[in-house]
Amino acid sequence: MSVPHDTNQASANQPGQLGDRTIGELREIAARYPEPRSGLLPMLHLVQSVQGRITPEGIEACAAILDISAAEVSGVATFYTMYKRHGVGDYHVGVCTNTLCAVMGGDAIFARLKEHLDIGNDEVAAQRQGDSRTVSLEHIECNAACDYAPVVMVNWEFMDNQTPESAVQMVEALRAGHEVSSTRGPKLCTWREAERVLAGFPDGRVDEGPTAGPASLAGLEIAREQGWTAPGSPVDQAGETTESREG
Amino acid sequence: MADTLTPVLTDTWDAEQGWKLATYEARGGYAALDAAFAMSPDDVITAVKDSGLRGRGGAGFPTGMKWSFIPQDNPKPKYLVVNADESEPGTCKDIPLMMGNPHVLVEGVIVSSYAIRANKAFIYIRGEVVHVIRRVQAAVADAYAAGHLGKDIHGSGYDLDVVVHAGAGAYICGEETALLEGLEGRRGQPRLRPPFPAVAGLYASPTVINNVESIASVPAIVKNGAGWFASMGTEKSKGHGIFSLSGHVTKPGQYEAPLGITLRELLDLAGGVRKGHQLKFWTPGGSSTPLFTDAHLDVPLDFEGVAGAGSMLGTRALQIFDETVCVVRAVLRWSEFYKHESCGKCTPCREGTWWLVQALARLENGQGSEEDLDQLVDQCDNILGRAFCALGDGATSPVTSSIEYFRDEYLAHLSHGGCPFDPARSTAWAGQEVTA
Numbered sequence: 037m038s039v040p041h042d043t044n045q046a047s048a049n050q051p052g053q054l055g056d057r058t059i060g061e062l063r064e065i066a067a068r069y070p071e072p073r074s075g076l077l078p079m080l081h082l083v084q085s086v087q088g089r090i091t092p093e094g095i096e097a098c099a100a101i102l103d104i105s106a107a108e109v110s111g112v113a114t115f116y117t118m119y120k121r122h123g124v125g126d127y128h129v130g131v132c133t134n135t136l137c138a139v140m141g142g143d144a145i146f147a148r149l150k151e152h153l154d155i156g157n158d159e160v161a162a163q164r165q166g167d168s169r170t171v172s173l174e175h176i177e178c179n180a181a182c183d184y185a186p187v188v189m190v191n192w193e194f195m196d197n198q199t200p201e202s203a204v205q206m207v208e209a210l211r212a213g214h215e216v217s218s219t220r221g222p223k224l225c226t227w228r229e230a231e232r233v234l235a236g237f238p239d240g241r242v243d244e245g246p247t248a249g250p251a252s253l254a255g256l257e258i259a260r261e262q263g264w265t266a267p268g269s270p271v272d273q274a275g276e277t278t279e280s281r282e283g
Numbered sequence: 002m003a004d005t006l007t008p009v010l011t012d013t014w015d016a017e018q019g020w021k022l023a024t025y026e027a028r029g030g031y032a033a034l035d036a037a038f039a040m041s042p043d044d045v046i047t048a049v050k051d052s053g054l055r056g057r058g059g060a061g062f063p064t065g066m067k068w069s070f071i072p073q074d075n076p077k078p079k080y081l082v083v084n085a086d087e088s089e090p091g092t093c094k095d096i097p098l099m100m101g102n103p104h105v106l107v108e109g110v111i112v113s114s115y116a117i118r119a120n121k122a123f124i125y126i127r128g129e130v131v132h133v134i135r136r137v138q139a140a141v142a143d144a145y146a147a148g149h150l151g152k153d154i155h156g157s158g159y160d161l162d163v164v165v166h167a168g169a170g171a172y173i174c175g176e177e178t179a180l181l182e183g184l185e186g187r188r189g190q191p192r193l194r195p196p197f198p199a200v201a202g203l204y205a206s207p208t209v210i211n212n213v214e215s216i217a218s219v220p221a222i223v224k225n226g227a228g229w230f231a232s233m234g235t236e237k238s239k240g241h242g243i244f245s246l247s248g249h250v251t252k253p254g255q256y257e258a259p260l261g262i263t264l265r266e267l268l269d270l271a272g273g274v275r276k277g278h279q280l281k282f283w284t285p286g287g288s289s290t291p292l293f294t295d296a297h298l299d300v301p302l303d304f305e306g307v308a309g310a311g312s313m314l315g316t317r318a319l320q321i322f323d324e325t326v327c328v329v330r331a332v333l334r335w336s337e338f339y340k341h342e343s344c345g346k347c348t349p350c351r352e353g354t355w356w357l358v359q360a361l362a363r364l365e366n367g368q369g370s371e372e373d374l375d376q377l378v379d380q381c382d383n384i385l386g387r388a389f390c391a392l393g394d395g396a397t398s399p400v401t402s403s404i405e406y407f408r409d410e411y412l413a414h415l416s417h418g419g420c421p422f423d424p425a426r427s428t429a430w431a432g433q434e435v436t437a
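Residue numbers (my numbering), protein chains in the order written: chain A, 37 to 283; chain B, 2 to 437.
A couple of the hints might just be wrong.
Unchecked claim - In silico lysine-lysine, DSSO-like type, Cα no more than 27 angstroms apart, as pairs:
hint	chain 1	residue 1	chain 2	residue 2
1	B	LYS50	A	LYS120
2	A	LYS150	B	LYS346
3	A	LYS120	B	LYS152
4	A	LYS120	A	LYS223
Stated by the list, open to error - Far from chain B, some chain A residues (derived; all Cβ distances over 12 angstroms):
hint	residue
5	GLN53
6	GLU108
7	ALA138
8	ALA162
9	GLY166
Calculated directly from the structure, the hints in this document are not laboratory data.
We put the beta carbon where it would ideally sit given N, CA and C, even for glycine.
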């Protein structure tokens, strides 16, 4: 099977035009692994970063590179919830409505955003005149930030301790094209840019944001106040040799 | 007697740029490599066995013993796979650990891979945490540049390559054989065991799969000794663990303490249940572990203590719910989660979780009858132990435990003709002016 290719780099970001650069990067991902098929999940992330969704062309390209059938690729693409068969907004907003976030206010946030954006679950809000960016909305499952409930994710960056009002303000800032930062992470990039990081191509934003958010430090701050440490803790031995280790 | 809190893995989280290699090395980071390379791989396994470290991902299997199951006479390559797919509802410890201190994980990967004689390791991180993935990608790249990864590490003759792999949204991939399927580029559905991954795991080769916190605990054990680790904790549950408090608590967050601490002690540290409210129910280790109530405040949070009281330590994900929360609503929502995340491979889970949602949704709306409670318990009996993997088992935990402790509340929905609770009272902003 031949691999679709396109030599026109200028059109590389158009749906239906994967481009030579992308085909090369898909091969590069597969080559990271002892068996190329292991690259399929990140390869599909790369397809989304280029084409904004999982396209038939992207499925065919992955199948050709991995020498498996398009049906096998499609079976994988439909299993994992981060892969989208339809387009999402420049900013994909996920509201956690698993139990803890839901009772802490996630249900109210999701209801308010649906009303405000006039859309249902997993839909893209209309781009109004004057909006420079688009927003889509989805309810998501636990995203491992329960100590910051209720949690909203934007392009899989943490927006901690949200309220219906703060969430509405946030989506309006995003639609207006204003700079918005994660509450304990970097300035938000677009959904496609985030998908490229997931494909294993770093974007240089690693040093933005703090080491940890405030809730993550709750116990450590008490330990510091009380002088509590692990016995003979590694910190006490910083800079020393490791001769004292026990057998 | 160890201190009440024992920061080890969390100890660098208040450092400026704690994720940087320089920060980590200034605090003695990567010293465990030379300590390990001075030992034979088998001696490293023995040290981890002697420490008493048990898996921090929920099951609590002894880590060193897991490593010793790798058949070293098998000519195939050996692999280490880190399970960083943290998705169990309530569990939120590995994500801040990888964000704030990714190098302790990388160092643990190197020592652990050396012990099992793997030259290739994978860190499988759930895809929905982009910044965490950035931090781990950078930590691995920086470790290569500093000679902590790659060929002939620290002149030891030992080679190791590490690949950071992003998942794509599937709770089931936290199950170790489903994770391997995902890592092989397939749908994340669990495999039949035996053969166990130690014998035939990734690419049918001997494979160790460990949780992030388990692997991150290894460097300090190698540096400070098995006895140091075992001096914390209880008789059969040794060492430090991160306890994650969330929900209706004054100061939610991460508290790293010796295993065996109680919720009463943790709540004292965290300022108690939110002001003006009382503890109603809580999960000791995520939503898949049977609920506890205020009768369980003094249960030692170690593997034996929690099991003895009828639940599981799990991932020490302590979700705290006060009296404003409807237990039926809570359990219905968890059941919807399990239904959504069931991979569809086995009938008891695929069909059973669907039926649990149907029955619970009716009850939450005040429909049905008391017999529905017996039917729910019966449905759970037909899932528990009959499902292909632990997802189905876990789905029954909130249902059966809530009926055990809160049967009257289910019945109140029937007599009230619907849910008697006002969901507005349970929100984080209830009773406050929202200033946003």
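A quick look at each hint next to the structure:
With a C-alpha separation of about 44 angstroms, the suggested pairing of LYS50 of chain B with LYS120 of chain A is violated against the 27 angstroms cut-off. Straight-line distance between C-alpha atoms of LYS150 of chain A and LYS346 of chain B comes to about 33 angstroms, which puts the hinted pair past the 27 angstroms bound. Taken as a hint, the LYS120 of chain A and LYS152 of chain B pair is broken in the structure, with Cα atoms around 39 angstroms apart against an allowance of 27 angstroms. A hinted pair counts as satisfied when its Cα atoms are at most 27 angstroms apart, and LYS120 of chain A with LYS223 of chain A qualifies at roughly 24 angstroms.
The Cβ of GLN53 of chain A sits about 23 angstroms from the closest Cβ of chain B, beyond the 12 angstroms cut-off, so the non-interface label holds. Look at GLU108 of chain A: its CB is around 8 angstroms from the nearest CB on chain B, not clear of 12 angstroms, so calling it non-interface is violated. Its closest Cβ contact with chain B, about 6 angstroms, brings ALA138 of chain A to no more than 12 angstroms, contrary to its assignment away from the interface. A cut-off of 12 angstroms between C-beta atoms confirms that ALA162 of chain A is not in contact with chain B; the least separation is 24 angstroms.
At the 12 angstroms boundary, the C-beta of GLY166 of chain A stays outside the reach of chain B, the nearest C-beta of that chain being 23 angstroms off.
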